[in-house]
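Enquirer: So the chains spell out like this:
Protein chains: 2
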Amino acid sequence: MKPVTFDSTCYRIDGQSAYFNTGEFHYFRVPKAHWRKRMRLLKDAGGNGVATYIPWLIHEPSEGRFVFDGADHLQLEEYLQTAADEGLYVVARPGPYQYSELIFEGLPRWLCEGYPEILARNLEGKVLDPSVVSYLHPVFLEKARRWFDAVCPILARYTVSRGGPIAFTQIDNEMGQHIWYGSLDYNAEAMGLGKAEGRWPSFLAARYGDLAAVNEAYATSYQAIEDVRPVPPSAATDVPALRCAKDYFDFYTATLGEYGAIMAEMMRDHGIDTPLMHNAANPSMAVYFTDMVERLSPELLLGGDHYYNLDQTWTQNNPTPQYATRCFTSCEILRMMGMPPTVLELPGGSYSDWPPVTAHDASVSYMLHLALGMKGHNYYIFTGGPNVPGTGVTTDIYDFCAGVGADGEIRPLYHAQKAFGQFIADRPWLAEAKREGDFRVAMDFDMARAYCHWHADVGLGLTGSDAWDFLHRGLLTTAMCGSLSPIFCNLGSDDWLAETDTPVAIVCSAAMSADKQRRVVQFCRRGGKVLLVPFIPSFDERYQPCTILADFLGSPKLEHDAGGLARVTIADAVNIHNGWRGAYWTTALPKAAEVIGEDENTGKPLGWRLACDGGGQVIFLGFRWLHTKIEQQQMLTNVLELLGLRRKVRCDNPNVWTSLRTAGGKSVLFLMNLLSSPMTAAVSAWPEWSEEEIDAGTHKLAPMTVKTIDLGG
Amino acid sequence: MKPVTFDSTCYRIDGQSAYFNTGEFHYFRVPKAHWRKRMRLLKDAGGNGVATYIPWLIHEPSEGRFVFDGADHLQLEEYLQTAADEGLYVVARPGPYQYSELIFEGLPRWLCEGYPEILARNLEGKVLDPSVVSYLHPVFLEKARRWFDAVCPILARYTVSRGGPIAFTQIDNEMGQHIWYGSLDYNAEAMGLGKAEGRWPSFLAARYGDLAAVNEAYATSYQAIEDVRPVPPSAATDVPALRCAKDYFDFYTATLGEYGAIMAEMMRDHGIDTPLMHNAANPSMAVYFTDMVERLSPELLLGGDHYYNLDQTWTQNNPTPQYATRCFTSCEILRMMGMPPTVLELPGGSYSDWPPVTAHDASVSYMLHLALGMKGHNYYIFTGGPNVPGTGVTTDIYDFCAGVGADGEIRPLYHAQKAFGQFIADRPWLAEAKREGDFRVAMDFDMARAYCHWHADVGLGLTGSDAWDFLHRGLLTTAMCGSLSPIFCNLGSDDWLAETDTPVAIVCSAAMSADKQRRVVQFCRRGGKVLLVPFIPSFDERYQPCTILADFLGSPKLEHDAGGLARVTIADAVNIHNGWRGAYWTTALPKAAEVIGEDENTGKPLGWRLACDGGGQVIFLGFRWLHTKIEQQQMLTNVLELLGLRRKVRCDNPNVWTSLRTAGGKSVLFLMNLLSSPMTAAVSAWPEWSEEEIDAGTHKLAPMTVKTIDLGG
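Protein chains in written order, with my numbering: chain D, 317 to 1029; chain V, 317 to 1029.
No lab work stands behind these hints: they were computed from the structure.
Incorrect hints may have been included.
[To be verified] Covered, in the sense of this in silico footprint (three residues per stretch, anywhere, with C-beta under 8 Å from a C-beta of chain V), are these stretches of chain D: (1) 661 to 674; (2) 722 to 735; (3) 787 to 797; (4) 887 to 895; (5) 937 to 944; (6) 990 to 998; (7) 1014 to 1023.
[Unchecked claim] Derived DEER-like restraints, expressed as beta-carbon distance ranges: (8) D/Lys511 - V/Tyr415: 57 to 63 Å; (9) D/Ser518 - V/Ser871: 54 to 60 Å; (10) V/Thr996 - D/Ala814: 40 to 46 Å; (11) V/Arg841 - D/Asp712: 39 to 45 Å; (12) D/Ser537 - V/Tyr497: 35 to 41 Å; (13) D/Pro728 - V/Asp1026: 26 to 32 Å.
Ideal Cβ positions, reconstructed from N, Cα and C, are used throughout, including at glycine.
Just need the whole structure built from these sequences, with the hints factored in.
Expert: Have a look at this one:
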C-alpha cells in the first residue's frame, strides 16, 4: 500500500492530499468470520483504514508467555493481512496502555498486582488506582520493553514500507491518566523525588542552574536540590508556590515526552518505520504533549479525543455550541503543533445507552468538526463484539452502540457515517481546504497550560485559568455568535508576523513570556493591528516581573472593579452587560491613548486605542466578559472594524454559527445550528477567490443540524 | 373578584378548581400607557393574574421618605386598579427583597450602605456581599417594618376580600440567598452566636436539653452553651462535626421560618388577608422552607423557580431530561408540603440573549411541567420595560427577551405562551388532574436536606448527598427511561400506609430517623411491598445508632465494593453496568432472605427478597447505579414486578419519557422528547378509568418537543 504522510495542511497518500477516515475495529472483539464483511462496510462508508488496540493483557496472559495464535481473538497477523487484502490501512496501537473498557486498562493483571512499586502515587504517597502506573518506573519500562520485544517485530513486518497495511503506530493511549484521579504522578522512584540524580532535581538544576536560584524562586531554604518538595496545583496559593507548581507541571509533561520518546525508540529498534501517533484524551489536553511533539516531530501525529457525552456525568447530552468551541480550539492547537487536525476518537457510539448518542447528534458532531477544520478522524468504535472472557470492565458484549453492532447489525449511526463519508468523497478538495479567517486569535501555549496549575488569585492579576475560560466563553463565543471567522496563530512562533493586515486578538493573563511580549511589540512596530484583552501582562511565564509589552504601551495602570454595577460602553456599543464584574479600569492612561470605552457607572476608562510608530495599532479592552448579550457582539465587531476587519461571513442569526472552508476556487459554507430549536438565517460569504460578497440566501435549519452551501468551483 | 384558595390538589377560584396562570409584569418598568394593552395580551394568552415586585428601593429613596405617586413608575395603586379593571388577579411582592436584577437586590442603597451591621457574614466574619443581609438582624427588621408600615396598608385596601385584585401577597423573595455566596449566615448579632440568650444557643438548648448533651454529641468540652461554635458543611468531616453542621443547617432554616413568620405577622397586622406566597429559588430549595411552611400552613403557598438556562454558567442550554427530573422532584415535594405544584418563575425569557431561551425550548419546559403535575405558574417575565434610572444591574432596558418586549413588540415566545394557555383552557379538568402512578418513591425530607450538609464520607456508610444524587441520576432516570410512573409519598407522614398494593421504593442513605424506620416496618407488617435501595440505614437523623429497620430485616451486614470490576446480575437482568462501583454486598444475609442479585465477579449477594409476616415483602438492592444502560431499566422493572407492579404506561423508546394525567374519566398522555434528535415511540396507557390497556399508537416526535394524546372523555 502507498505511504501516508502528513503536515499541518493535510494527510497525503502517495503524495496526494487525502482525508484520513478510519474506524476502530478490534480483532479481539469482532468475530473473525465478520472481519471482511465489516471492513467492507467501513469502506462503503468512506473509510480508508481501521484502528485497533493490541492488548498486552490478552497477548501476555502470564509473565513471559506471549500468545499470538490459537483462538480467533489472538490472531493479530490474520487481522493485519485481512485489512491489507481489503485495501485498508491499519493504525496499530500496541500500548502499553489501551483503556477501551478493559480491566487494568489493558495492562496484564500480573503486572499491576505483582509489581505494585510501578504504580503512580499522589504527593501523600497514596496509590491513585491499581491500574495507573508511573510511566518511567524502571520496572514498568522493562516489562513494557519485553512486551514490545514480542509485539513490535510482528508489526514491523506489516508496515506499509514492507507491503503491509500499517500506516501509523500509536504510542500508548491517552497519556496523562493520572489527572483523571485528581493528581499528577509523584512516584518517588520514577520521578526521582528525594534522589540526588533523580529526574525532578535534574529538571530543577537544568531550569535554574543552582539551588540558590531555586530557593529564591520558591522562597524556600532547602539544603539540597533533591529535597525540593513539589507543590500540587491546589496548593499554589502564593507566587513562590505557584512557581513550583508550574515547574512540576512542566516537569510532568516533560516526563510524558521522555516516556513517549522511549517507547518510540523501542518501536524503531524493532523496525517499525511508520509515522507514530498519539491521542490526547480530551479537547484541552493536546498542550500536555508539547514536549513529546518537540522530541518526535515530524514523525509524530498527535490527535485528540472529542466526545460530547459518554454518561450522565457529562455536562451536555449532545454536540452543543460550547462543545464546538472546545473542539475548535483543539483542532487549531493541533494545527499549530504541525498536525492535520485529527479526532482520533470521534463519537461512534458510547459505552452508555443513555443519554443516547444518536445518529442525528453524532452526525452533527462530525459535520461541525469538518466545518472547523478536521482533516482526519477515527470513529470510536466502528464496530464491536464480545469481550474476551474476564477482560471487560463494563459488559460482556462490547457493543458501544456502534454503527455496526456486535452481531453485525446495521444501525442508523452507520448510515450517518456513510453520508459523512460521501460528503467528503464528493469534495476531495476539502482534504487540503483551509478554514478562511477574518481575524486571528494569538494562542499562548503557556496560558493553555496554565489552566492546569494557575487557578488561585495570587495577587498578580488575571490568572491563566480565568484567561483561558474567557477565551472560550467570552471572546470565541462572541466571535462565533457574531459570524466572525477566527483563526489561531501561535504567539510562540514568528510565522504570523508578516501578515499585518488581519487583526490579531491576544487574550492575556497577568503573565506572558518575555519573548512573546517582544513579539507582540515587534508586530505592532511592523504595522500590525492588535486587540489586547482583557488584561496587560506584567510578569513572565515564571511569574517574575516583565513589563516589555506594558512599557511599549506607555505603562498603563489597571484596577479591577471587584464590586459595583456592571455595565460598560465600548466602541459605540452601549449598555454592555458585565455579568462577571470583569472590568479592569485603566487608572493611568498612556499619554497617546484615545479612550474608546468606559464603565457606565464610574466613567472610568477601560478601553483605549493607541497608534504605534510604523502604522501599527493597539486596542486594549480591560473587559473580561461572559458572552450573554447581543451588545457584546456589536462591541467585538466594532473594535475589530477599527482594526481593519474585512468579514468573511455575515449571518443575521447569532444562534447559527458559520465556517467557510476553501481550496482552489471552491468553498463550502457551513451553517451550524447546535441548539434544540429550529432556526432561520440569512447568510453571505466572501471567499478569497471571489471578487465580491456572495449572497448565500436564507436558510431554515432544523434543531441540531449542520447545513452546507457549496460555493464556486 | 372571587377568592383564590388552594390545597395540594389544585387552586380554586370561588371554590371551583382552576389553573392559576400569571405573568410577571412590573408597573415600575412597563410604561403606564401600555398597562392595559399588555394586560389584555396576557389574558389572551390564558393569564388570570399578574405578579409584580414592589421595590423598596424605589418607594423609599431616602430613609423615611416614602413615595407612591408622581412619576408613572411609582403608581402602584393605579396599577392595582388597572389590573382589577381588567379582571386580573395580582400577586403582590413587597419584599423586603426583590432581586429582579435591581441594585442591592431591591433594597434601598441607604439601608445597605448606612447600616453595615445588618449584613450577613460567613463564619470568619466576612461580609458575603454588600446586598446580602441577615434577615433577623433587629435593625433590618425595624427598617423592614417601617417599609411595611408604608406599603402594606396600600395593599390591604386592594385585597380580594375588599373588592381588589390582590389574591396573594408574597413574603420576601428567594430566601436563603446566603448560599449563593457559598455560606450560611453567621451574623453574630442576629444568629445569637456567643450570646447567652441568643438564637443559636437557644436552639441547641431546645434540641439537646443541656450543654452536657451537646458536648457529648459534638465530642467537645464547651463550658457554656453560647460558646458552641457552628461547623460549616465543608468542615463536616467526622461524625461529631457532621452533627453540628446539620444542627446549624436546621437552625438556619428555622431562622428562615422565623423571618417568614415575622413578615407574615406584619402583613396581617396591616390587614392583608390574602393567602401568602413564597418562592424557593431553584428546584432543590423547597426543603429549606419546611419550618416556614409548618409555621404558616395552610396560609402559605410555596412555589419554586425552575429555570433551565440563564447564562453560560448553567450546565444545559435547554430543557433536558435531567432538568425534567429535577423539576419533577420539586413539584412532588411541593405537593407533599400541601401545595398545588406551582412554578413561580417559569422561564419567560432570560437576562441573557445567549444561550437563547427560544419559544421552542420554553414551550417544551411549559409542557413538561404540565406533564409532571404543575397546577399553576408565573412567567418570569411576561413583559418588560426600561429600568428606573440608576436601579438596573444588567441593562437600562429590562427586556429579558420576554414574550412581550420592552416596546410592546410581540415575539414568538408570546405565541408559545398563548398556545400553552389554550391547551389548558381546552382541558379545564387538568386543573385538578392527578398524575397517575404505578409505583411510589418514598421521600425522606431529611435526606433531601442532608444534601446541604452531608457530603463527606464520615464512616457511617452512604452519605445523604450521594443518596440524593442516586435518587435523581439513578432511580428516577431509570424509571423515566423505562416508562414507569413514579409518584412521591412522604416518609415522614402516615398518609401512604393504607395503600399496600402499589410498591414503594425507598432510597436510603446510612441515616433515617427512628419514626421513619418504624413507619417502614409498620408498612411491611401491614402487607406493603417495599424496595429498599441502595443502602440500609443504621443511624438516625442525628447520626446516632438506630437499627429499627435493619433489626426488622434480620440484621444484614453490608460491605462496599470499593474497587474491583463492575457488573452485576439482578432479578434476571444480567451484565448490568456498575459504572460508579456502587455495589454493596450483603456479607451476612438475613436468614429468610432469598438472593435475587449478585456481583458477577465475586458472586457475592447484593440483592435479596424477604417475605414479612402480614403479607408484606421487602426487596433490598445493594446497588447504587448511575443510569447508563438498558439493563438497568430491565432490572428495575423486574424488581418492581416482583413487588406487584401494574404499569400505567408502556413506551418502547427509553428516550421518550411519558406521563399520564387523569381526572374524571379523562386523561392526557404526555410524550416528551427532551433530546435534540427526532424520536419514534409506540405507546400504550392504562388509565384508572379504563377497563383495559389502550394502544395509543406510534408517534414521531421532532427534537425537543412534547406531544400529547387525549384519552377518554
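Enquirer: Evaluate each hint against the coordinates.
Expert: Each hint, compared with the structure:
Beta-carbon proximity to chain V at under 8 Å applies to 7 residues in the region 661 to 674 of chain D; the threshold of 3 is reached and the given coverage holds. Counting residues of the region 722 to 735 of chain D whose CB lies closer than 8 Å to any CB of chain V gives 0, which falls below the minimum of 3, so the coverage claim is violated. Coverage of a stretch by a chain is defined here by at least three residues with a beta carbon nearer than 8 Å to that chain's beta carbons; for the region 787 to 797 of chain D and chain V the count is 3, and the condition holds. Check on the region 887 to 895 of chain D: 3 of its residues sit with their Cβ under 8 Å from a Cβ of chain V, so the three-residue criterion for coverage holds.
For the region 937 to 944 of chain D, the proposed coverage by chain V is satisfied: 3 residues have a C-beta within less than 8 Å of a C-beta in that chain, meeting the threshold of three. Counting residues of the region 990 to 998 of chain D whose beta-carbon sits less than 8 Å from any beta-carbon of chain V gives 4, enough to reach three: the coverage restraint holds. Only residues whose C-beta sits within less than 8 Å of a C-beta in chain V count toward coverage, and the region 1014 to 1023 of chain D has 3 of them, enough to reach three; the restraint holds. Take D/Lys511 and V/Tyr415: their Cβ atoms lie about 58 Å apart, and the range 57 to 63 Å holds.
Checked against the hint of 54 to 60 Å, the pair D/Ser518 and V/Ser871 passes, with Cβ atoms roughly 59 Å apart. A hinted range of 40 to 46 Å is violated for the C-beta pair V/Thr996 and D/Ala814, which are about 56 Å apart. A C-beta distance of roughly 41 Å is found between V/Arg841 and D/Asp712, which places it inside the suggested range of 39 to 45 Å. Checked against the given bound of 35 to 41 Å, the beta carbons of D/Ser537 and V/Tyr497, roughly 39 Å apart, stay inside it.
Separated by about 31 Å at the C-beta atoms, D/Pro728 and V/Asp1026 satisfy the suggested range of 26 to 32 Å.
In terms of the numbered hints stated before, the structure departs from hints 2 and 10, listed from lowest to highest.
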